[in-house]
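Residue numbers (this note's numbering), protein chains in the order written: chain Y, 280 to 797; chain R, 7 to 139; chain B, 81 to 516.
Because the hints were derived from the structure by calculation, they are not lab data. Keep in mind that a hint or two might mislead.
Have a look at the derived ranges for each label pair, beta carbon to beta carbon [what the hints assert, rightly or not]:
hint: 1; chain 1: R; residue 1: Asp50; chain 2: B; residue 2: Glu313; range: 27 to 33 Å
hint: 2; chain 1: R; residue 1: Gly99; chain 2: B; residue 2: Leu275; range: 34 to 40 Å
hint: 3; chain 1: Y; residue 1: Pro303; chain 2: B; residue 2: Glu123; range: 58 to 64 Å
hint: 4; chain 1: R; residue 1: Asp50; chain 2: B; residue 2: Leu211; range: 35 to 41 Å
hint: 5; chain 1: Y; residue 1: Thr629; chain 2: B; residue 2: Val434; range: 29 to 35 Å
hint: 6; chain 1: B; residue 1: Asp106; chain 2: Y; residue 2: Ile691; range: 56 to 62 Å
hint: 7; chain 1: B; residue 1: Phe161; chain 2: R; residue 2: Asp65; range: 32 to 38 Å
hint: 8; chain 1: Y; residue 1: Phe709; chain 2: B; residue 2: Leu501; range: 25 to 31 Å
hint: 9; chain 1: R; residue 1: Ala53; chain 2: B; residue 2: Val434; range: 40 to 46 Å
hint: 10; chain 1: Y; residue 1: Pro646; chain 2: B; residue 2: Leu211; range: 14 to 20 Å
hint: 11; chain 1: R; residue 1: Gly99; chain 2: B; residue 2: Lys210; range: 35 to 41 Å
hint: 12; chain 1: R; residue 1: Gly99; chain 2: B; residue 2: Asp482; range: 47 to 53 Å
hint: 13; chain 1: B; residue 1: Val434; chain 2: Y; residue 2: Pro303; range: 57 to 63 Å
hint: 14; chain 1: B; residue 1: Asp482; chain 2: R; residue 2: Asp50; range: 15 to 21 Å
C-beta: ideal position from N, C-alpha, C; glycine also.
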Amino acid sequence: MGSSTLLLLLAAPLAGTLLLPLLPATVASVRVRGIAALFGALQLLVGLLCWQTPPADLQLSWLPKLGLRLDLGLDGLSLPLVLLTALITSLSILSAAADQSRPRLFFSLMLATNLGVVGGLLARNALLFVLAFELVLIPITLLVAVWGGEKRAGAAVRFLLYSAVSGLVLLAAVLAFAWFNPAGPLFAFEDLRQAQFSPTAQRWILALLLLSFGLKLPVFPLHGWQPFTYGQTPTPVVMLLAGSVSKLGAYGLLRFGVGFLPETWAAWSPWIAAAGSISAVYGALNAIAQNDIRRLMAFSSLGHMGLLVLGLSAATPLSLQGAVAQMLAHGIIVALLFACVGLIERKTGTTAIPELSGLMNPLRGLPFTMGMLLLAMMAAAGIPGLAGFPAELLVFEGSWTIFPRITLVSLIASGFTAVYAVRLFNRVGFGRLDNERAEWTSTCWSERAPAMALAVLVIAAGLWPTALTGWSETESTGLALRTQPFLSRSAAQPLSLAAAASPLIAVTLPSASELRTS
Amino acid sequence: MANIIETAKGAGVFGTLLTAVEVAGLTGALESPGPFTVFAPVDDAFAALPPGTVQTLVDNVPQLARILKFHVLSGAYRREQLIEQPEWESLEGAPVAIRRAEPFEVKNATVVSADIVCDNGIVHVIDRVILPG
Amino acid sequence: MTPPTATAPEPVTAPLIPPSTHRYADVIHRLEAGGSMLPDTPENLMQIIGIYKAYAVPMDFYWRDLLYIAEQVFLDPLPAFKYFISQEYLDLPNSYAGDQSKLRIWRGGEKAHPELLEFMANGEAGKMPKLLHHLWHDRINMEFAEACMEAMLWHQDMGGRFYDYLDSDAYRANADRAIKAYFRGNPLMLGLYRLFPEMFMEQVKKMSYYANLGLFWEVMAPVFFEMSDIYDEGGFSGVPAAMDFLVNGIFAVAGRPIYHHVYIKGECFEIIPKSEGFTWLYEAALPYVEAVFYRTAPFRGTKSYNAQAYQVPSDQADFHYGILYADVFPVGSAGIPPTLLMQDMLHFLPPYLVDLYKTHKRGEEDQLIQLGITFQRSMYNVTSAVIQALRDALLYPLDDTDPEHLMANRRFFEAQMDRFLRPEARLSQIQTQDYR
Chain Y
280 MGSSTLLLLL AAPLAGTLLL PLLPATVASV RVRGIAALFG ALQLLVGLLC WQTPPADLQL
340 SWLPKLGLRL DLGLDGLSLP LVLLTALITS LSILSAAADQ SRPRLFFSLM LATNLGVVGG
400 LLARNALLFV LAFELVLIPI TLLVAVWGGE KRAGAAVRFL LYSAVSGLVL LAAVLAFAWF
460 NPAGPLFAFE DLRQAQFSPT AQRWILALLL LSFGLKLPVF PLHGWQPFTY GQTPTPVVML
520 LAGSVSKLGA YGLLRFGVGF LPETWAAWSP WIAAAGSISA VYGALNAIAQ NDIRRLMAFS
580 SLGHMGLLVL GLSAATPLSL QGAVAQMLAH GIIVALLFAC VGLIERKTGT TAIPELSGLM
640 NPLRGLPFTM GMLLLAMMAA AGIPGLAGFP AELLVFEGSW TIFPRITLVS LIASGFTAVY
700 AVRLFNRVGF GRLDNERAEW TSTCWSERAP AMALAVLVIA AGLWPTALTG WSETESTGLA
760 LRTQPFLSRS AAQPLSLAAA ASPLIAVTLP SASELRTS
Chain R
7 MANIIETAKG AGVFGTLLTA VEVAGLTGAL ESPGPFTVFA PVDDAFAALP PGTVQTLVDN
67 VPQLARILKF HVLSGAYRRE QLIEQPEWES LEGAPVAIRR AEPFEVKNAT VVSADIVCDN
127 GIVHVIDRVI LPG
Chain B
81 MTPPTATAPE PVTAPLIPPS THRYADVIHR LEAGGSMLPD TPENLMQIIG IYKAYAVPMD
141 FYWRDLLYIA EQVFLDPLPA FKYFISQEYL DLPNSYAGDQ SKLRIWRGGE KAHPELLEFM
201 ANGEAGKMPK LLHHLWHDRI NMEFAEACME AMLWHQDMGG RFYDYLDSDA YRANADRAIK
261 AYFRGNPLML GLYRLFPEMF MEQVKKMSYY ANLGLFWEVM APVFFEMSDI YDEGGFSGVP
321 AAMDFLVNGI FAVAGRPIYH HVYIKGECFE IIPKSEGFTW LYEAALPYVE AVFYRTAPFR
381 GTKSYNAQAY QVPSDQADFH YGILYADVFP VGSAGIPPTL LMQDMLHFLP PYLVDLYKTH
441 KRGEEDQLIQ LGITFQRSMY NVTSAVIQAL RDALLYPLDD TDPEHLMANR RFFEAQMDRF
501 LRPEARLSQI QTQDYR
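Extracted from the complex, chain Y is given alone in its bound form (with noise of 0.2 Å):
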């Protein structure tokens, strides 16, 4: 295969992006949403095919000047978040309503979200990936201020803030690897990972990553943005931002703190680890406290990106995996979760809690979608057999050994998520449906599809989790920081069960160590 597939990944939704605007206005709605719906599943297809023969690294000038090369890569680590963002890109276009105003325009931008997210997912430069970071916000922004909810104008500006200090501070850091780095100004991957970089430079270029990427995942105290946008997005585009663009921090994270500045991560975990069970702490008490069905699951992705942090942040390779495996898990959970509420709020007209109860009544009610959320909201909450349980289990075990007191307070924010689960399906679910106000139809087969494939995709990885960990087993083993004491024979020794399991990649992508010597 050879390294164009690696275009192709990009080229569906630039296609995308740039034809569904020429479509003719006459064209009805419920087509435009199908034929971006083609160019998401081409990606997927793709990334799919990539699965199976991995294709060799893409290198191509684009402006040498600048430093700035089309560098474009796929290991064990970026296949599962490609492949990831390109299903929940295709679903989440698909749960769009079939009467979407101004199709054209929303699900192009759709797809130049997708476009940006993919390239930094894709990038082996880190100037194009800054580039790639960038071309995410102008799109969202623009979805959130002309189809959002009431104060939608305040979101997106909101938004757009957060996310431009956070694109400014990594375009920083960027330009902060080049400035302090001995051999000169580099940004090529495999250049910066054997880059030696003065201890005062790393700290420095790790405060910057920490301000961005904490800004883009989000972590507390930098989430001021995200319940409120959550709140005021449209459903399809906040399922792609809650389940594939928050990733893109998670990545960074991985990739250019874990990756390239070693030394000094290891030094600063104890605090990026309290920062993370803060975060998860923090999200889980608020979204007990929430009225707002959104704006609930705002603070538990909130809490499930503090546990993400905490297994970067131990960087053990079972942490690390069970950092993956949070990603991918929480990334089909929390677009299930806000799947079942745009259907929630497209049948009801509202997501608020205290108006809402009794939707599971099998007449009048909504009892299909209220079973799909049931089922997300006890994968969010750990629950065995589901999704989450293993992602959240991987990251625990990982972490305890070397944070054992944050990795039991994170256990306790966990316990919590079963708190609000109960809390808003025993309120929206059960007790009495006022005949008043149930007026609604009930939702067809075609609105439940989205959720139905996220749903069996959320039972699946929970029954098989190597669907979850088995991408990155040589990555994540490749980049830990620290062994995992009882588990290892000697310390030194890389983790021998890495090698023993059997990974899901039939042939082994080219590892970290790999790229290096290529």
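Given chain Y, work out where chains R and B should sit, using these hints.
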């Protein structure tokens, strides 16, 4: 003077009442010394009841007796005595309310002719059948 | 020939009393004009008549089985087959319908309704042995009738003499004889009776209420069937006409005796003899309306029975869980679980109602809820008939010319409407057609 039954027979407007009293087996009681106060509904009062009402009662003696006993007070009272109390206990057990003095009203019936004195009591003629409750 | 100087027809006389200032003033004025609490529209008429017919078919089973349990099953300690009515009771002729009846004002027959017999044979699942139908719950939901009976048993101060009579010496003596006769030759049960006489007495009282309710519904079934027939012939001009038919019906059988005769090994024991003089109106109908339409009890799970939680009123008269206050969703949020009755009625809906339900809300999917709300409307109509009957019996005619009489009527109506001031009452909702 005649007793209550004879007075009623003589008046000629109490055919239904007398038949009911006969069926209920209360004729003997109303011929006894008493004394009684009887609120006697005229035939038109029974006819005004929806069809079947009287027949069902006539078919069921104890129930008929109960309704009839509600029209009888123990003791003979004239109008002036009756209007002094808001309620009087009937033979059936439930109270009979005296709702107005002028015009003289017993429960929801108007007394068209009061103070008809007989040997064993006083009869007041009413234009409706009164019911407990 | 009308002289040219003749005056125009006299103008409508001014009302004798000022209009009401009650919240439900327009309903009160409608009642004073001879109407019902339910507005007079053709669709309302169609809905209530259709549901009366759908209600009357299972009712035909209820009254027979209630009498069967009260008179035959009696004190059976493990009455597993109490719903397996005997042929004798299934064929019991209705005392108020059919040519053998003493009161022939309704045209229907005295036998069990053919639709009922067909349902008892086949159910929803088709021909199966009766036991399988019973276990599959593919039958008439007798539990609903028993729940109505229990509401009447538990609530006190509803008028009539029945409740107090059950504590009287005469009743206890009769019950004692019956208990001893029933368990003759059974030293275990007789010994238990010696130890716990009140427990057995309570069971006998319960059986008396079974009989009471059975005798009540025995009359209502032919009334409803007759109403359905009249409607099919086009004989009702509107909802008030249907209500008037009910009023006349109530009066016609007001004097029906209420009794409890038990048959133990062929011998009849009169636990409550007819000679006590209990009447259908005072001892059955009025307590039934009070207990089942207004009060009942909150369905398990909807309210906490913990006294310290103060969720259930401490005064029985304040109970507001009957059909007039019910939230008609089949998740048990009303006092008597209406679900069971609604499912029964679902089997016997006339075709015009099925067509009506197909065109509203979710069509065939939520027929149960739609018919439940129709049932609520119809019960408001029945309650209006009871209110008008009471007014007719205890107060003054609607066309009375005496203002004091009219004010007495007004006060009576307002007192009745006061019971619907609480937020759970559905009176305001049934005034619109949108409530489905």
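Report task. Determine whether the Cβ-Cβ distance between B:Asp482 and R:Asp50 falls within the hinted range of 15 to 21 Å. Result -> Since the Cβ atoms of B:Asp482 and R:Asp50 sit about 18 Å apart, the hinted range of 15 to 21 Å holds.
Query raised in the report: So does Y:Pro303 sit 58 to 64 Å from B:Glu123, Cβ to Cβ?
Result: violated (47 Å)
Query raised in the report: Measuring from beta carbon to beta carbon, are R:Gly99 and B:Asp482 in 47 to 53 Å?
Result: violated (29 Å)
Report task. With 35 to 41 Å as the target window, see if R:Gly99 and B:Lys210 comply at their CB atoms. Result -> Cβ of R:Gly99 to Cβ of B:Lys210: about 47 Å, so the range 35 to 41 Å is violated.
Query raised in the report: Within 34 to 40 Å or not, the Cβ separation of R:Gly99 and B:Leu275?
Result: holds (36 Å)
Query raised in the report: Has the hinted range 25 to 31 Å been met by the Cβ atoms of Y:Phe709 and B:Leu501?
Result: holds (29 Å)
**Report entry** B:Glu313 and R:Asp50 - C-beta distance against the hinted 27 to 33 Å
**Finding:** holds (32 Å)
Query - Assessment of proposed distance window 29 to 35 Å (beta carbons of Y:Thr629, B:Val434) - result: holds (33 Å)
Query - Status of the given 57 to 63 Å range, CB of Y:Pro303 versus CB of B:Val434 - result: Violated, at about 46 Å.
Query raised in the report: Within 35 to 41 Å or not, the Cβ separation of R:Asp50 and B:Leu211?
Result: With a Cβ separation near 59 Å, R:Asp50 and B:Leu211 fall outside 35 to 41 Å, so the hint is violated.
Query - Distance restraint hint 14 to 20 Å, applied to the beta-carbon atoms of Y:Pro646 and B:Leu211 - result: violated (33 Å)
Requested in this report: For B:Phe161 and R:Asp65, compare the CB-CB distance with the range 32 to 38 Å and indicate the outcome.
Outcome: About 35 Å separates the Cβ atoms of B:Phe161 and R:Asp65, which means 32 to 38 Å holds.
The structure fails to meet hints 3, 4, 10, 11, 12, 13 from the earlier list, while all remaining hints are met.
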